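*Asks:* Here the structure of chain E is known, so what remains is to put chain A in place on it, guided by the hints.
Just so you know, the sequences run in chain order E and A. Just so we're aligned: 114 in our numbering is position 114 of the first sequence, and the numbers increase by one with no gaps anywhere. Just so we're aligned: 1096 in our numbering is position 96 of the second sequence, and the numbers increase by one with no gaps anywhere.
These are calculated hints, taken from the structure and not from any lab test. All of these numbers come straight from a predicted model, not from anything done at the bench. Heads up, the beta-carbon is just placed ideally off N, CA and C, and yes, glycines get one too. Take the hints with a grain of salt, since some may be wrong.
Unchecked claim - Sample of chain A residues lacking proximity to chain E, with all beta carbon distances greater than 12 Å (derived): (1) E1064; (2) R1083; (3) E1084; (4) Y1085; (5) S1102; (6) T1109; (7) D1140.
Claimed, not checked - Derived DEER-like restraints, expressed as beta-carbon distance ranges: (8) E:Q26 to A:D1033: 36 to 46 Å; (9) A:S1024 to E:D28: 43 to 53 Å; (10) E:E84 to A:P1135: 22 to 32 Å; (11) A:R1133 to E:D90: 38 to 48 Å; (12) E:G53 to A:T1091: 22 to 32 Å.
2 protein chains.
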Amino acid sequence: MLAQRYRVWPGRQARHNGHVPAPSPQLDPAIADRLKRDAAGLFPAVAQQYDTGEVLMVGWMDDEALRRTLTTGRATYWSRSRREYWVKGDTSGNLQLVRSVSLDCDGDTVLVQVDQVGPACHTGSRSCFDGRRLPVTVIDPPRARDARRADAAEPARGAQP
Amino acid sequence: MLAQRYRVWPGRQARHNGHVPAPSPQLDPAIADRLKRDAAGLFPAVAQQYDTGEVLMVGWMDDEALRRTLTTGRATYWSRSRREYWVKGDTSGNLQLVRSVSLDCDGDTVLVQVDQVGPACHTGSRSCFDGRRLPVTVIDPPRARDARRADAAEPARGAQP
Chain E
1 MLAQRYRVWP
11 GRQARHNGHV
21 PAPSPQLDPA
31 IADRLKRDAA
41 GLFPAVAQQY
51 DTGEVLMVGW
61 MDDEALRRTL
71 TTGRATYWSR
81 SRREYWVKGD
91 TSGNLQLVRS
101 VSLDCDGDTV
111 LVQVDQVGPA
121 CHTGSRSCFD
131 GRRLPVTVID
141 PPRARDARRA
151 DAAEPARGAQ
161 P
Chain A
1001 MLAQRYRVWP
1011 GRQARHNGHV
1021 PAPSPQLDPA
1031 IADRLKRDAA
1041 GLFPAVAQQY
1051 DTGEVLMVGW
1061 MDDEALRRTL
1071 TTGRATYWSR
1081 SRREYWVKGD
1091 TSGNLQLVRS
1101 VSLDCDGDTV
1111 LVQVDQVGPA
1121 CHTGSRSCFD
1131 GRRLPVTVID
1141 PPRARDARRA
1151 DAAEPARGAQ
1161 P
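Okay, chain E solo, but in the shape it has when bound (with noise of 0.2 Å):
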């Protein structure tokens, strides 16, 4: 059965430990090699408009979403509620064209550059966070700049030129 649907033929399934590869394409092993998954295999991925630096939203990806916007240019994600992909835009027609993905140091949460067309939050705000901030203390600005001078007067642990 499995033969006849990946054409396996023989010697493969001995070197591969009786294992057989799905036909279809798969995230670089190298970028899957770097990643941390939760317990469902998913990872955050936090999608900001390009040019303004807005933080649009927080999706949730697994290696094959991953694979299909770093691929096809268009964000893709995983959607826990419906467990299903979801390519942003396809049903709103609000697209997010992929200019950029980065991991970050850990591999556990990617970034992902887009340009945003038309609002990115399903209530029709640009953004998700827009209009829900929480109450919050704010240290007062001559404390922030003592932080700020202290930080500066220490000399700097292998921060990047």
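*Replies:* For chain A alone, kept in the frame of chain E given last:
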């Protein structure tokens, strides 16, 4: 023992069905009610430099980390590897002075706008995403322009002014 530590008085235990609330301050229930957490009680927090828009890092919070972030003026996360709270900058000096915190439309992510002192990344780079781009396919400009035009011609769906 509990009674000694938390000064439980007669009647209170009965009213709370045996559960004695800890005496420590808790996250505003109006905020806690809006949060959606993962199986471990956590949600991602995106830290963004408040003026440049740079996405600095993504950390994890639980209710208590969010409460501390909202009330102390210093971004505070839950370390999944060390299983403890960490106030960003407490050991490195690279503080994050909180400017605003927003909860997203689904209540499962927060955006923390900060004034980052020094590098945000433990590797010494300003952001945890610096210099970590993955190879992407970018849709060619004419197709992107077409997508924008189609969007502009479409009536707004409840977009905020």
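*Asks:* All hints are to be evaluated individually against the structure, with a verdict given for each.
*Replies:* We went through each hint and held it up to the structure:
no.	hint	result
1	E1064	15 Å, holds
2	R1083	15 Å, holds
3	E1084	17 Å, holds
4	Y1085	17 Å, holds
5	S1102	4 Å, violated
6	T1109	4 Å, violated
7	D1140	9 Å, violated
8	E:Q26 to A:D1033: 36 to 46 Å	41 Å, holds
9	A:S1024 to E:D28: 43 to 53 Å	47 Å, holds
10	E:E84 to A:P1135: 22 to 32 Å	26 Å, holds
11	A:R1133 to E:D90: 38 to 48 Å	25 Å, violated
12	E:G53 to A:T1091: 22 to 32 Å	28 Å, holds
Against the hints set out earlier in the document, violations occur for numbers 5, 6, 7 and 11.
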